[in-house]
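Protein chains in written order, with the working numbering: chain A, 1 to 185; chain B, 186 to 370; chain C, 371 to 555; chain D, 556 to 740; chain E, 741 to 925; chain F, 926 to 1110.
Bear in mind the hints are in silico, worked out from the structure with no lab data behind them. Idealized CB from N, CA, C, for every residue including glycine. Heads up, a few of these hints could be off.
[As the list claims (entries may be wrong)] One-sided and incomplete, this derived list gives chain D residues near chain F with beta-carbon spacing under 7 Å:
id	residue
1	Tyr604
2	Arg606
3	Asp607
4	Leu639
[Said to hold, decoys possible] The calculated lysine to any residue pairs, modelled on SDA-like cross-linking and capped at a C-alpha distance of 25 Å, are:
id	chain 1	residue 1	chain 2	residue 2
5	F	Lys979	B	Ala320
6	F	Lys1047	E	Leu749
7	C	Lys441	D	Gln681
8	A	Lys122	B	His367
9	F	Lys979	B	His248
10	E	Lys794	C	Arg536
11	D	Lys609	F	Pro989
12	D	Lys677	D	Leu699
13	B	Lys239	F	Asp1059
14	A	Lys54	D	Leu699
15	F	Lys979	E	Glu776
16	F	Lys996	F	Leu934
17	D	Lys609	F	Leu934
18	D	Lys609	C	Glu406
19	E	Lys862	F	Glu1053
20	F	Lys996	E	Ala773
21	D	Lys609	F	Lys979
22	F	Lys979	E	Glu921
23	B	Lys239	E	Pro750
24	A	Lys54	C	Arg536
25	F	Lys979	B	Leu269
26	F	Lys996	E	Phe867
27	F	Lys1047	E	Ala920
28	C	Lys424	A	Gly53
29	A	Lys54	D	Glu707
30	A	Lys54	B	Thr328
31	B	Lys239	E	Ala773
32	E	Lys794	F	Pro960
33	B	Lys307	A	His182
34	A	Lys54	D	Ser622
35	B	Lys239	E	Leu749
36	A	Lys54	D	Pro617
37	A	Lys122	B	Met280
38	B	Lys256	A	Ala135
Number of protein chains: 6
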Amino acid sequence: MPVVSITLLPGYDPDTQHRMVNRVANAVRSVIATPEAGTTVFINEVSTYRRDGKVFSGGRAPHPVASEVVKSFLQAMQERNLTLAQSFLHPDFAMCFPGGVHMRTLSELIGWAQQRYSAISKNYEQFEESWQGDATVVFCHGTLQGTWLQGEPFEGIRFIDRVEVRDGLITRQDVWNDLAEHRKA
Amino acid sequence: MPVVSITLLPGYDPDTQHRMVNRVANAVRSVIATPEAGTTVFINEVSTYRRDGKVFSGGRAPHPVASEVVKSFLQAMQERNLTLAQSFLHPDFAMCFPGGVHMRTLSELIGWAQQRYSAISKNYEQFEESWQGDATVVFCHGTLQGTWLQGEPFEGIRFIDRVEVRDGLITRQDVWNDLAEHRKA
Amino acid sequence: MPVVSITLLPGYDPDTQHRMVNRVANAVRSVIATPEAGTTVFINEVSTYRRDGKVFSGGRAPHPVASEVVKSFLQAMQERNLTLAQSFLHPDFAMCFPGGVHMRTLSELIGWAQQRYSAISKNYEQFEESWQGDATVVFCHGTLQGTWLQGEPFEGIRFIDRVEVRDGLITRQDVWNDLAEHRKA
Amino acid sequence: MPVVSITLLPGYDPDTQHRMVNRVANAVRSVIATPEAGTTVFINEVSTYRRDGKVFSGGRAPHPVASEVVKSFLQAMQERNLTLAQSFLHPDFAMCFPGGVHMRTLSELIGWAQQRYSAISKNYEQFEESWQGDATVVFCHGTLQGTWLQGEPFEGIRFIDRVEVRDGLITRQDVWNDLAEHRKA
Amino acid sequence: MPVVSITLLPGYDPDTQHRMVNRVANAVRSVIATPEAGTTVFINEVSTYRRDGKVFSGGRAPHPVASEVVKSFLQAMQERNLTLAQSFLHPDFAMCFPGGVHMRTLSELIGWAQQRYSAISKNYEQFEESWQGDATVVFCHGTLQGTWLQGEPFEGIRFIDRVEVRDGLITRQDVWNDLAEHRKA
Amino acid sequence: MPVVSITLLPGYDPDTQHRMVNRVANAVRSVIATPEAGTTVFINEVSTYRRDGKVFSGGRAPHPVASEVVKSFLQAMQERNLTLAQSFLHPDFAMCFPGGVHMRTLSELIGWAQQRYSAISKNYEQFEESWQGDATVVFCHGTLQGTWLQGEPFEGIRFIDRVEVRDGLITRQDVWNDLAEHRKA
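Between the sequences and the hints, there should be enough to build the whole structure, so can you do that?
In structure tokens:
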């Protein structure tokens, strides 16, 4: 046990279906101590479905994978492709960076960062998703490497990002890192 | 759509069942853009269940709620009740604190902290869970308040913890915060 | 075929459950030419149910049987128990009687009838229900017997009533009969 | 709630499937006060089905829609296309018209009608079906318009037909109307 | 895979339910090469069930275990408790013994056996059931031990019985053994 | 009742599916006294299935029909096609023949038989299968005909074979017959 049957309208591609059975299995196993061997999840496609007085001819679109959205955004930022990066952001996007610095635009962020280091890139250790219904929050942590303003290199400095994704767009990014722990006074 | 039927052995308390339907709904809605109104999840209790050649008389135990485990641990630490705090830890527990400081015991942590501040407590904004099958990772963020070693108070300093929970025990804690951003040089 | 599984929250009494499996079987058999022997309907009670972001603890109330509501109303009218009869009526109740006479109150009806016959009662042959979602329309037909204004008795005069029931209350009654066919000129 | 799963052999066209989910939803909602938003019905096609010791390769044929059968019959009658009209009738067909006039053949009916009006047609307000298992009873009501024998026109005269349909053929028609209420003495 | 859901009316005792899930798992695994670990069978009790136009209030009785019926019969025969043995037999009971000897009554059998040995008993190695719908055929094999008519003992002589059971009663017994192979000429 | 739903990965041919619904129906009916008319079994093909942490793309292969394997083996033996006969045998194959003669190879068997009769063939009355999970045991009985060593013909001599089949290969054959009952001393 448990045996989970997910009834869907037909038309979802295998990737979406695999993602769904895997996530549902994880959700179930977060609640009870059932091993993988005893956890069964399958998808059943119906031929006709009616709810709320309507017969539906197709299901709602799959979401893009939130952690892929975040990866693409972070990659675009690292490559300073602000047009591409902006395309992943919700109009209400807001961010908060170390020291409690609140910003709303990518150009603000670029300006602020230029006062802290002259170059930076991220090594990602892990992307982790928290599925919260209307939003998926992506956490990624790893280490930073780059060059201080004075020209000295740094590396291996810990960071973590918390990124909210709603309907495939990023609504909020919060960043913590150890740069201040390592910065020369 | 979707309609999710979870078949369980009988005996789970309502809290566990509610947690399961809520989490499964969230997992499903993280994959496809279905509104709450169109997301149906129910639990069906079987009277007899057989898998792997065995008839099972009861299901596996529910896990404690991982974010509750983490809250209890953090509360015990704040109250310096190390015996209670230790009871939430897995024997393989490890932690990493700002600056990349790796430690394995709570007494190490206490010693290290004493060199950074004389008092500290946490205001939690949010606990968020990432369900990963064998582990649930709990993220909590908020602000720190306390007293610097020199006696000056501080407050509103951002932090985030990442805590791995396996089988109800904490196996790893990673901490980031902005203390170094605010510490007087 | 077909096999119909109805998943309900627990708590419905056997009468309601029997009514549901019988009606669903009839609905299915109105669409395809399947014999009773090949028509299976069962009710499955879930232990937990979640939709629209809410976990429900009990199902919606059963409706009273619409044809029983109509029978009770007609019986009360025949017994001139207008208070009881009124209790079955929706505030928006309207009626239309032979000749296209539109009325809204029972006292109007009584007054109108007194100009047509001095006594009347109904022999019911059949009550039939049309299930239309928000409303159930009850048709009953049979024969009238009574006394003309001039004192002569009549009997065996055909009638049919069409009565709309919503949420257990009658919203409309339409009546046809052959009284005018038989009335002495 | 409720969630209704209808298991069928494959091969039914979408119209038949839509009709089935709609009717089953109506049947369910006639029993309990559940709103459309909380009423889910879907059809599941099996790949193999066995009952009564036999594996079935296809389901029973869909019935024609009973109210469409009745409409077609009434239309053919109005156009005096008796051959077509007859094709909708069961060999045991019987009818009863105002005044309690029992007839069995369409030519009888034509003869009888010719003594009552010289022309007639129907404005339909509503067709309503009562699903009763082996039979579907169709009720249609509306108004009559036409010409009296003396040449005067009439219109807006209320009527209701009750028509029994079994296996796609009409077995009985009962008619009530207000013609006698309006007929000049 | 596979996942088998058996829907039953409530009221079957756990033994019956266990027997059913075990046998269904065996039936499924006789068809496809699925390991026990991947074979899931569960029983779901409905609260209301309707088929063939009837709502059923309880399921059909469980059969006695056919191999237990056969064991009890053979034990009664060995103890020469013919009244008890007879109670397991269907009125149409027939048997066929080595050499093609057809008999219908237990007393015939006793008479025939007395010409072959003066005492006999059976060591059972295995009871095996063949589930055939209206009948279950029980095969049991093992060895015979006893005393020849001349007084010499014998043992370890192979036998097999084939016994048909219908509705809990034995309708036929066929016996093969190696007595003739061992009998002194 | 009962209604059995078998959920399978897609891809099984109709023969395999028919065999499965028939055998499962038999297994169910061996446990409770339900008539064929009340026994419903269907197969539902899923679009995605996950168990034990893996998403499966296809089901396990169907087994060959065990009684067909046994028939083919016995036919090959009768035709003295030992190469073909051997192809049906598991490497651990063992057999036991009347008189308790244990052998492991077909050539041993041929040698032993030549001392008992000069020709033999089987008339099969019935093949019956006992489904036991990892093995299916096939029982076949009927009559032997052939020629004694001395040249005299025989016929109508009863036999029964018990043959174990695992993963499509025969692991054991046990044979009983009445030859010794009929053999001239």
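So, going through the hints one by one against the coordinates:
no.	hint	result
1	Tyr604	holds (4 Å)
2	Arg606	holds (5 Å)
3	Asp607	holds (5 Å)
4	Leu639	violated (40 Å)
5	Lys979(F) to Ala320(B)	holds (17 Å)
6	Lys1047(F) to Leu749(E)	violated (46 Å)
7	Lys441(C) to Gln681(D)	holds (23 Å)
8	Lys122(A) to His367(B)	holds (24 Å)
9	Lys979(F) to His248(B)	holds (23 Å)
10	Lys794(E) to Arg536(C)	violated (29 Å)
11	Lys609(D) to Pro989(F)	holds (22 Å)
12	Lys677(D) to Leu699(D)	holds (5 Å)
13	Lys239(B) to Asp1059(F)	holds (14 Å)
14	Lys54(A) to Leu699(D)	violated (34 Å)
15	Lys979(F) to Glu776(E)	holds (16 Å)
16	Lys996(F) to Leu934(F)	violated (30 Å)
17	Lys609(D) to Leu934(F)	holds (23 Å)
18	Lys609(D) to Glu406(C)	holds (16 Å)
19	Lys862(E) to Glu1053(F)	holds (23 Å)
20	Lys996(F) to Ala773(E)	holds (20 Å)
21	Lys609(D) to Lys979(F)	violated (35 Å)
22	Lys979(F) to Glu921(E)	violated (57 Å)
23	Lys239(B) to Pro750(E)	holds (22 Å)
24	Lys54(A) to Arg536(C)	holds (21 Å)
25	Lys979(F) to Leu269(B)	violated (39 Å)
26	Lys996(F) to Phe867(E)	holds (23 Å)
27	Lys1047(F) to Ala920(E)	holds (20 Å)
28	Lys424(C) to Gly53(A)	holds (20 Å)
29	Lys54(A) to Glu707(D)	violated (47 Å)
30	Lys54(A) to Thr328(B)	violated (48 Å)
31	Lys239(B) to Ala773(E)	holds (18 Å)
32	Lys794(E) to Pro960(F)	holds (15 Å)
33	Lys307(B) to His182(A)	holds (24 Å)
34	Lys54(A) to Ser622(D)	holds (21 Å)
35	Lys239(B) to Leu749(E)	holds (23 Å)
36	Lys54(A) to Pro617(D)	holds (21 Å)
37	Lys122(A) to Met280(B)	holds (21 Å)
38	Lys256(B) to Ala135(A)	holds (23 Å)
When each numbered hint is compared with the structure, violations occur for hints 4, 6, 10, 14, 16, 21, 22, 25, 29, 30.
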